[in-house]
Amino acid sequence: AQSVTQLGSHVSVSEGALVLLRCNYSSSVPPYLFWYVQYPNQGLQLLLKYTSAATLVKGINGFEAEFKKSETSFHLTKPSAHMRDAAEYFCAVRNNAGNMLTFGGGTRLMVKP
Amino acid sequence: EAGVAQSPRYKIIEKRQSVAFWCNPISGHATLYWYQQILGQGPKLLIQFQNNGVVDDSQLPKDRFSAERLKGVDSTLKIQPAKLEDSAVYLCASSSNILAGGETQYFGPGTRLLVL
Numbered sequence: 069a070q071s072v073t074q075l076g077s078h079v080s081v082s083e084g085a086l087v088l089l090r091c092n093y094s095s096s097v098p099p100y101l102f103w104y105v106q107y108p109n110q111g112l113q114l115l116l117k118y119t120s121a122a123t124l125v126k127g128i129n130g131f132e133a134e135f136k137k138s139e140t141s142f143h144l145t146k147p148s149a150h151m152r153d154a155a156e157y158f159c160a161v162r163n164n165a166g167n168m169l170t171f172g173g174g175t176r177l178m179v180k181p
Numbered sequence: 002e003a004g005v006a007q008s009p010r011y012k013i014i015e016k017r018q019s020v021a022f023w024c025n026p027i028s029g030h031a032t033l034y035w036y037q038q039i040l041g042q043g044p045k046l047l048i049q050f051q052n053n054g055v056v057d058d059s060q061l062p063k064d065r066f067s068a069e070r071l072k073g074v075d076s077t078l079k080i081q082p083a084k085l086e087d088s089a090v091y092l093c094a095s096s097s098n099i100l101a102g103g104e105t106q107y108f109g110p111g112t113r114l115l116v117l
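Listed in order, the protein sequences are those of chains A and B. Residue 168 in the working numbering is what sits at position 100 of the first sequence, and the numbering runs on without skipping anything. Residue 47 in the working numbering is what sits at position 46 of the second sequence, and the numbering runs on without skipping anything.
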């Protein structure tokens with residue numbers, strides 16, 4: 069069975085600072101991995117996904133993530149945080165058989181002016 | 002392209018009452034998912050449909066939850082009777098043909114349920 073662990077339920081950075089949100093997964097098969105963002109009172113929006121092609125994946129809003137098989141990680145980064153990046157971020161792994169997603173517990177990103 | 006639509010956006014009921022949520026997926030998307038997101042947690046899949054058939058409902062509490070997608074388009078999720086612990090956001094998502102690279106799930110805005 070697949071599982072996802074997001075280290076740090078809350079992360080606070082200053083505007084302009086590096087953003088690093090951690091995600092570790094376990095999967096018995098080569099995984100498909102996703103990062104979603106959720107703004108208050110809204111649904112989830114896809115940031116980026118890894119589907120076994122390039123290990124460095126670029127997404128929307130300047131975010132990127134690197135798949136590291138040896139570390140079973142898929143950490144999300146952004147070089148310079150902006151106030152509008154404040155939201156909750158979810159990492160998810162896909163069950164290849166049926167496209168079912170297993171989500172991590174989420175990380176709330178706060179950006180200080 | 003219109004996104005996934007859900008209604009109502011908010012619902013408050015008393016325990017033991019029943020409630021229903023509606024979802025209209027993105028046009029042409031064969032696969033539809035219902036997730037439950039409890040406050041402070043990640044979404045948890047309740048049920049997955051492929052057209053009008055159930056693919057996975059292993060995490061659906063079938064003694065009180067039911068879902069249908071009779072014509073393979075819209076879907077309804079029902080809770081009867083509701084319990085306090087059902088208070089959550091219910092998210093609907095859809096995806097296109099999985100075999101053709103349609104692994105991305107697109108989410109609706111959710112229905113926020115409060116059971117008193």
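These aren't lab readings, by the way, just hints derived from the structure by calculation. Beta carbons are placed, not taken as given, at the ideal position from N, Cα and C, and that holds for glycine. Each hint should be verified, as a subset may be incorrect.
Just a sample of chain B residues kept apart from chain A, beta carbon distances all over 12 Å, derived [unchecked claim]:
1) 16
2) 88
3) 96
4) 104
5) 108
If you anchor each label on the Cβ, the simulated ranges turn out as follows [to be verified]:
6) 18/B with 166/A: 30 to 36 Å
7) 181/A with 4/B: 30 to 36 Å
8) 55/B with 134/A: 33 to 39 Å
9) 28/B with 178/A: 34 to 40 Å
- Of the hints given before, which are not true for this structure? 3, 4 and 5
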